[in-house]
Amino acid sequence: MKPAPFEYHAPETVADVVGLLAEHGDDAKPLAGGQSLVPLLAMRLTRFEHIVDLNRVDELFGVSLDNGGISIGAMTRQAAVETDTAVADRVPLLHLATPHIGHFQIRNRGTIGGSIAHADPASEYPAVMLALDGVAEIASASGFREAPAAEFFESTFMTAVAPDELLVALRFSAWDQPAGFAFDEIARRSGDFALAGAAVGIGTDAAGRINRAAVGMLGVGPTPLRASSVEAALMGLATSDADPAEIGRLAAEDMDPIGDVHASVEYRRRAGSTLVGRVLANALAQVNTEAGNG
Amino acid sequence: MADQIPLSMTVNGQTRRGLGEARLTLADFLREQAHCTGVHLGCEHGVCGSCTVLMDGEAVRSCLLFAVQADGAGITTVEGLAPDDETLHPVQEAFRDCHGLQCGFCTPGFVVSVAAFLEANPDPSDEEIRHGISGNLCRCTGYQGIVAATRQAAAVMKGSGQS
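Chains as they are written, first to last, in the numbering used here: chain Y, 1 to 294; chain F, 1 to 163.
Check before you lean on any hint, since a few could be wrong.
To list a few chain Y residues with every Cβ distance to chain F over 10 Å, as calculated [stated by the list, open to error]:
#, residue
1, P3
2, P11
3, D16
4, A22
5, I51
6, N55
7, D58
8, R109
9, E151
10, P178
11, D205
12, R209
13, S229
14, D241
15, A252
Result set (SDA-like, lysine to any residue): computed pairs, CA atoms no more than 25 Å apart in a straight line [what the hints assert, rightly or not]:
#, chain 1, residue 1, chain 2, residue 2
16, Y, K2, F, K158
17, Y, K2, F, Q4
18, Y, K2, F, R17
19, Y, K29, Y, R209
20, Y, K29, F, K158
21, Y, K2, Y, K29
22, Y, K2, F, D126
23, Y, K2, F, P83
24, Y, K29, Y, T46
25, Y, K29, Y, E49
26, Y, K2, F, R151
27, Y, K2, F, S8
28, Y, K29, F, E21
29, Y, K29, F, D71
30, Y, K29, F, M55
31, Y, K29, F, D3
32, F, K158, F, D126
Quick list of the computed label-pair ranges, beta carbon to beta carbon [said to hold, decoys possible]:
#, chain 1, residue 1, chain 2, residue 2, range
33, F, D126, Y, G68, 49 to 57 Å
34, F, D126, Y, A245, 25 to 33 Å
35, F, S8, Y, A15, 26 to 34 Å
36, F, P83, Y, L45, 37 to 45 Å
37, F, D126, Y, D16, 30 to 38 Å
The set of hints was computed from the structure by calculation and includes no laboratory data.
Ideal Cβ placement from N, Cα and C applies to all residues, glycine included.
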């Protein structure tokens, strides 16, 4: 349970990080919070000649307001996302999803960029990013580019970030309309990897008709997935007319789960689609509450 | 590749210097070079919580950090929680009173985690306590004693204004 030897780099700027990545290519790996990478190194499931530690790159930390939305530096700790009032106010789904990540000791080190770049299909932030059409800002020695969530998660643990590139920030827009958000997941024990999870955002027009539906799922496919059948079925309905249990069942068709010792394919499909219905019900209830208050 | 890197950090209030490869974990540095053998290693991949320490006041898994990453940081291990050799920290006292341990292997990690948890949540409900200790595994107690100990420690720490 000891990592193989590596050369350690502790750059202090993004420019220096991408310089190292350009020099060493896929022999180098950026180290964010280390809550997934270090176990993989310790179990020797992977090894790298060069580890590029991002923990001293100050410009990668922090939440900033961005055009009505927010921009979150890739090294922002999950614990900081959890307590940030701008996040809670502008991107409630991120706030709601964060306590489901690991345990508080994990969230003290784990980062939003690390979770998203690692792209574990059972983790929370990738599903939220996909549901909300978040945008990844990616740096390399040749400059900056952006990748929308829909193009970011290529397959299990594989993203649009190339070995010589660095995920530097995530951007999310706020929903400027009556809206409700909910997140939940099924795990055998608190903090375990989810067997299935759902992130739901529902937006309506002034008359209470659904004109925006965002349903992300985790743990039920090789990547995080959108439940597009559920989203399509919700559009145009009055929130009071939507039957969440019935609509949630449609999510089974949008899943591509694997079976393992924790749960079979069929269990993941059934439990997952039931969960989508429940989370949808919670999100719908939030919209109604907001409308009632307004 | 196997270059030895000089290390310096504050461990339980004292400056500790050492030397290690980049791959040396903080847990191994604390155990082998700072002689804080209260840092227990159960799983060495971040699951069991036995190696939990405070780094600059925050509870972290010391098996998931490289010692070089903690260079310049302030570390508190279970040995550094109590004010002196004659006194137990209220969390330690409560674990003893409430049978919060049997074999004791997981206990240092629990004690450090619970101390940090109560710092952030001075008046937790039982449900919050169970959630708060979910990052530490105990194979003996069934957790009832640990929950009771956390409850007692919360009351004592609140009463003494130490929260």
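Going through the hints against the structure:
no. : hint                         : result
1   : P3                           : violated (5 Å)
2   : P11                          : holds (13 Å)
3   : D16                          : holds (17 Å)
4   : A22                          : holds (21 Å)
5   : I51                          : violated (7 Å)
6   : N55                          : violated (6 Å)
7   : D58                          : holds (14 Å)
8   : R109                         : violated (5 Å)
9   : E151                         : holds (31 Å)
10  : P178                         : holds (31 Å)
11  : D205                         : holds (38 Å)
12  : R209                         : holds (37 Å)
13  : S229                         : holds (34 Å)
14  : D241                         : holds (35 Å)
15  : A252                         : holds (30 Å)
16  : K2/Y to K158/F               : violated (41 Å)
17  : K2/Y to Q4/F                 : holds (16 Å)
18  : K2/Y to R17/F                : holds (22 Å)
19  : K29/Y to R209/Y              : violated (47 Å)
20  : K29/Y to K158/F              : violated (45 Å)
21  : K2/Y to K29/Y                : holds (17 Å)
22  : K2/Y to D126/F               : violated (37 Å)
23  : K2/Y to P83/F                : violated (34 Å)
24  : K29/Y to T46/Y               : holds (10 Å)
25  : K29/Y to E49/Y               : holds (8 Å)
26  : K2/Y to R151/F               : violated (37 Å)
27  : K2/Y to S8/F                 : holds (22 Å)
28  : K29/Y to E21/F               : holds (17 Å)
29  : K29/Y to D71/F               : holds (20 Å)
30  : K29/Y to M55/F               : holds (24 Å)
31  : K29/Y to D3/F                : holds (19 Å)
32  : K158/F to D126/F             : holds (16 Å)
33  : D126/F to G68/Y: 49 to 57 Å  : violated (41 Å)
34  : D126/F to A245/Y: 25 to 33 Å : holds (31 Å)
35  : S8/F to A15/Y: 26 to 34 Å    : holds (27 Å)
36  : P83/F to L45/Y: 37 to 45 Å   : holds (43 Å)
37  : D126/F to D16/Y: 30 to 38 Å  : violated (49 Å)
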